[in-house]
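**Q** Sequence:
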Amino acid sequence: MNSTERIWTYNTTLKVNYTCKNDMMYNITEDYVIFNRSYYENRTYSQMMNGTFDSKLKGQMMVGPIGRPIETIEMLQYATDNQSCGVFQVQNALGSGTPFFYELRFKNKTGKPDMPCLTYFNKLGSPGYLIFFNNCSYIFPPSRVTNPQKVGVNDGNSDEE
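Using the numbering used here, read the sequence shown as starting at 7 and increasing by one per residue.
Do not rely on the hints blindly, as some may be mistaken.
With a cut-off of at most 25 Å between alpha-carbon atoms, the simulated DSS-like pairs for lysine-lysine come out as follows [as the list claims (entries may be wrong)]: (1) 118 <-> 62; (2) 118 <-> 21; (3) 113 <-> 129.
Cβ pair distances, simulated, as ranges [said to hold, decoys possible]: (4) 118 <-> 35: 28 to 34 Å; (5) 48 <-> 147: 14 to 20 Å; (6) 36 <-> 115: 33 to 39 Å.
To be clear, the hints were calculated from the coordinates, so they are not data collected in a lab. Fair warning: this is a prediction, and the values are worked out from it, not measured in the lab. Ideal placement from N, C-alpha and C gives every residue a C-beta, glycine not left out.
My request is simple: use the sequences and hints to build the entire structure.
**A** Encoded structure:
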């Protein structure tokens, strides 16, 4: 799901207290992507992240805050033909907490995930938790560039994600 537009997480099998999780790409190459990961939990949180692509496993990315260790390994399990949405398996690389969970993500311009993505996610067998709501677009509007230096920055010491 290579994109310069905002990518929202619609559903997750991980029980979380936040909503409106989204990624905004800034720099994408063949080897890595720099992006801003944000979410809302009583206020906005944002952190610049580095995703390194695995040259041997297409669709896999190792993710962590810039300048810090990898926190997750994110593997695309399913995507629609037009790449408007996808289901990811997210593995915890830190060795604590839930070993892995699934997320259904979609591109901003579509407004919601396509039915094939919803069907695939729902067949995983784990209960899903909806974390995208209509107000997410107001909390993180399309024209707003989130500056992690000015928004409630997750300092990496919490285990929200």
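**Q** Indicate, hint by hint, whether the structure satisfies it.
**A** Hint check results:
no. : hint                   : verdict
1   : 118 <-> 62             : 31 Å, violated
2   : 118 <-> 21             : 21 Å, holds
3   : 113 <-> 129            : 21 Å, holds
4   : 118 <-> 35: 28 to 34 Å : 30 Å, holds
5   : 48 <-> 147: 14 to 20 Å : 19 Å, holds
6   : 36 <-> 115: 33 to 39 Å : 24 Å, violated
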